[in-house]
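**Q** Next come the chains, spelled out residue by residue.
2 protein chains.
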Amino acid sequence: MRHAVILAGGSGTRLWPASRRARPKQLIALAAGGDALVTTATRIGEQLAPGRVTIVTAASQAAATREVVPQVPLIEEPFGRNTAAAIGLAAARLVRSDPDAVLAIMPADQHVTNQPGLVHALDVALTAAETTDAIATIGIAPTRAETGFGYLELAGPAVLDAVMPVVRFVEKPDLATAERYVSSGRYLWNAGIFCARAERLLAELTSKLPATAEAVRAIAADPATAAARYEPLASISIDHAVMEKALNVVTVPASVGWDDIGSWAALPAVRGEDDAHNTLAGDALVLDGTGNIVMTDGPLVATVGVSDLVIVKSGDAILVIPKARAQDVRAIIDALNARGLQRFT
Amino acid sequence: MRHAVILAGGSGTRLWPASRRARPKQLIALAAGGDALVTTATRIGEQLAPGRVTIVTAASQAAATREVVPQVPLIEEPFGRNTAAAIGLAAARLVRSDPDAVLAIMPADQHVTNQPGLVHALDVALTAAETTDAIATIGIAPTRAETGFGYLELAGPAVLDAVMPVVRFVEKPDLATAERYVSSGRYLWNAGIFCARAERLLAELTSKLPATAEAVRAIAADPATAAARYEPLASISIDHAVMEKALNVVTVPASVGWDDIGSWAALPAVRGEDDAHNTLAGDALVLDGTGNIVMTDGPLVATVGVSDLVIVKSGDAILVIPKARAQDVRAIIDALNARGLQRFT
Numbered sequence: 019m020r021h022a023v024i025l026a027g028g029s030g031t032r033l034w035p036a037s038r039r040a041r042p043k044q045l046i047a048l049a050a051g052g053d054a055l056v057t058t059a060t061r062i063g064e065q066l067a068p069g070r071v072t073i074v075t076a077a078s079q080a081a082a083t084r085e086v087v088p089q090v091p092l093i094e095e096p097f098g099r100n101t102a103a104a105i106g107l108a109a110a111r112l113v114r115s116d117p118d119a120v121l122a123i124m125p126a127d128q129h130v131t132n133q134p135g136l137v138h139a140l141d142v143a144l145t146a147a148e149t150t151d152a153i154a155t156i157g158i159a160p161t162r163a164e165t166g167f168g169y170l171e172l173a174g175p176a177v178l179d180a181v182m183p184v185v186r187f188v189e190k191p192d193l194a195t196a197e198r199y200v201s202s203g204r205y206l207w208n209a210g211i212f213c214a215r216a217e218r219l220l221a222e223l224t225s226k227l228p229a230t231a232e233a234v235r236a237i238a239a240d241p242a243t244a245a246a247r248y249e250p251l252a253s254i255s256i257d258h259a260v261m262e263k264a265l266n267v268v269t270v271p272a273s274v275g276w277d278d279i280g281s282w283a284a285l286p287a288v289r290g291e292d293d294a295h296n297t298l299a300g301d302a303l304v305l306d307g308t309g310n311i312v313m314t315d316g317p318l319v320a321t322v323g324v325s326d327l328v329i330v331k332s333g334d335a336i337l338v339i340p341k342a343r344a345q346d347v348r349a350i351i352d353a354l355n356a357r358g359l360q361r362f363t
Numbered sequence: 019m020r021h022a023v024i025l026a027g028g029s030g031t032r033l034w035p036a037s038r039r040a041r042p043k044q045l046i047a048l049a050a051g052g053d054a055l056v057t058t059a060t061r062i063g064e065q066l067a068p069g070r071v072t073i074v075t076a077a078s079q080a081a082a083t084r085e086v087v088p089q090v091p092l093i094e095e096p097f098g099r100n101t102a103a104a105i106g107l108a109a110a111r112l113v114r115s116d117p118d119a120v121l122a123i124m125p126a127d128q129h130v131t132n133q134p135g136l137v138h139a140l141d142v143a144l145t146a147a148e149t150t151d152a153i154a155t156i157g158i159a160p161t162r163a164e165t166g167f168g169y170l171e172l173a174g175p176a177v178l179d180a181v182m183p184v185v186r187f188v189e190k191p192d193l194a195t196a197e198r199y200v201s202s203g204r205y206l207w208n209a210g211i212f213c214a215r216a217e218r219l220l221a222e223l224t225s226k227l228p229a230t231a232e233a234v235r236a237i238a239a240d241p242a243t244a245a246a247r248y249e250p251l252a253s254i255s256i257d258h259a260v261m262e263k264a265l266n267v268v269t270v271p272a273s274v275g276w277d278d279i280g281s282w283a284a285l286p287a288v289r290g291e292d293d294a295h296n297t298l299a300g301d302a303l304v305l306d307g308t309g310n311i312v313m314t315d316g317p318l319v320a321t322v323g324v325s326d327l328v329i330v331k332s333g334d335a336i337l338v339i340p341k342a343r344a345q346d347v348r349a350i351i352d353a354l355n356a357r358g359l360q361r362f363t
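If you're matching them up, the sequences are chains D and B in order. Take 19 as the starting number for the first sequence in this note's numbering and just add one per residue. Take 19 as the starting number for the second sequence in this note's numbering and just add one per residue.
In isolation and in its complexed conformation, chain D is listed as follows (with noise of 0.2 Å):
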């Protein structure tokens, strides 16, 4: 049967202020649909029956979480081990009630406009993974040259809603490079959504992550050795462990109006500009500025002859940081970290 597996358990510190600790990025509501990870669940319920949507979040985030999406079963990682083994242990649990589970896994904050169009997109690549044992990404087709993204690449021009065999995963490019593979049609944004069979993942964790395999399943026959076992897990992605060197890769090349709200530049995208090109939030007045993103839960954000700017005010902390450097937020949690002002992280 078809389940949807959501990965929640990010800590989206690119996102601070708004993103925190214990209410990361996933719970907030940035885009207009409102609770990014509501949204992805109800998406997502469209196509599949309810109970079998799962959540794979942070032990850390699990009261907020449910909070937020009661209705909907959560299996919590004890510690953040990147999505390898979020999702083998999402696999190992899933498969033993339903051994011929099929997955389809998305990470819950990202953003998309066209969501019958991906709900379609999904099921092309649901019925791949049934029908040929594949792993069926779905490969967002790029509107922009973003830098930020890693990319598929196909033999040829990508069709829409085909099966397309990948030929490879592609790093983050830099920009002449992201600009080539957007104008050549043989390169499609890697979303982190794909499909495939819970036994056909267990498989390749077996041969590529044998540690984490073993580990999983044992975790999924007994919940109570979950944090002695994940502990030492390594920490590695789905795509670096198995997917870049895994037989049968295939893509559906999918136009839904995708984004991932990976950090502050990318809102924007989201939401939208108004004329001066400022992507406004809350109470904000910019004179003489344009390409700033401003943020506010309150108070009024006032600024002259700034430009490029993203200008977050959330809860107790106010963020100045050139979109250009977005992803330079991190430092700012390294650097509270390291004072000892945790409190505000």
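In short, the hints are calculated from the structure, not lab data. This structure is a prediction, so every number in the text was calculated from the model and none was measured. Hints may be right or wrong, so weigh each one.
Since copy identity is lost for identical chains, a pair holds within one copy or between any two.
SDA-like, lysine to any residue: derived pairs with alpha carbons at most 25 Å apart [said to hold, decoys possible]:
hint, residue 1, residue 2
1, LYS226, GLU249
2, LYS190, LYS341
3, LYS190, GLY323
4, LYS263, GLY98
5, LYS263, VAL142
6, LYS341, PRO191
7, LYS341, ASP326
8, LYS226, GLY98
9, LYS226, GLY168
10, LYS226, PHE187
11, LYS341, THR363
12, LYS341, PRO317
13, LYS226, VAL188
14, LYS226, GLU148
15, LYS263, PRO125
Given chain D's structure and the hints, the job is docking chain B onto it.
**A** Chain B in isolation, oriented as in the chain D frame:
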């Protein structure tokens, strides 16, 4: 007898959002010494007997001012009409009970690190006013080529604490001119601090602004008529109306760590800078940036990779503006008023 008159009626919009209509900058503890107005009053009190310090303030700010300095008598301006009228109002009032009143007049929103030095210079200036009927300004020895201040030109190099004739008042110069002024030793900052007999000031007003002179004398005789008589008066500074055209204007050169807190850009001179040349007040974390001014009344402000920026959180508003454009805070006030958002001003 000697009296101090503190001019506290300014709107202080250039220090928004710390400075608001109902609580303008002179009431705000910007300088390390605490509330600027209280500091000024205390300083004068060291030289003058109690009861001989008077504050001139706007009627709209009277209640807030009284809260801060309940022991100091206020003269309320019904409307803001600049310094010529405000000083006339005080002179006309004080001369009624003390015909020989000699006034030390100073703005409330200034900062002096060497208070005994200022008190000494004021003593020299008051003596000059008493013995020679001069208008005796305090001329501040410049410490940088500031283009935001007016200057006093002398015939020769300034001698500290001497009484020297003023050749000319000079408006805000451009940078090259300001640099020439500072290196010449013949120019002093016009701090707006000066001493004169009240009757001399009223005589100057009678010859140069007769309507103002008549109105302030009539208001002193019958305060109930203040609103009607004050409203039509010309809004002009005492410098333009009187000082620039008067005879026997002298200055006492002083080196007293004076600075004007006229805009956020002046704050580093008053509060100092850290090793990275940032001026921080409140919880602030500035990574990879220099020359910033960050003030917050609560939330942590964290920045990465921004320089020469003013970031101020105060009450229900947050300001972000390049230091070089600090004067343009007025544009925010104008825009807020135009949009019906007076509640933030």
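**Q** For every hint, state whether the structure bears it out.
**A** Cross-check of the supplied hints:
1. LYS226 with GLU249: For LYS226 and GLU249, the Cα distance is within 25 Å only inside one copy (19 Å; across copies 86 Å).
2. LYS190 with LYS341: within (18 Å within a copy, 36 Å between copies)
3. LYS190 with GLY323: between (33 Å within a copy, 23 Å between copies)
4. LYS263 with GLY98: Cα proximity of LYS263 and GLY98: one copy only (23 Å, versus 76 Å across).
5. LYS263 with VAL142: Close inside one copy (23 Å), not across copies (87 Å); limit 25 Å.
6. LYS341 with PRO191: So LYS341 and PRO191 pass the 25 Å test inside one copy only (19 Å; across, 36 Å).
7. LYS341 with ASP326: both (5 Å within a copy, 17 Å between copies)
8. LYS226 with GLY98: Cα proximity of LYS226 and GLY98: one copy only (20 Å, versus 79 Å across).
9. LYS226 with GLY168: Close inside one copy (21 Å), not across copies (75 Å); limit 25 Å.
10. LYS226 with PHE187: This pair counts as within: shortest intra-copy Cα distance 17 Å, inter-copy 83 Å.
11. LYS341 with THR363: within (20 Å within a copy, 29 Å between copies)
12. LYS341 with PRO317: The answer is both: 21 Å in one copy and 21 Å across copies each meet 25 Å.
13. LYS226 with VAL188: within (20 Å within a copy, 80 Å between copies)
14. LYS226 with GLU148: within (22 Å within a copy, 95 Å between copies)
15. LYS263 with PRO125: within (21 Å within a copy, 75 Å between copies)
Checked against the numbered hints given earlier, the structure satisfies every one of them.
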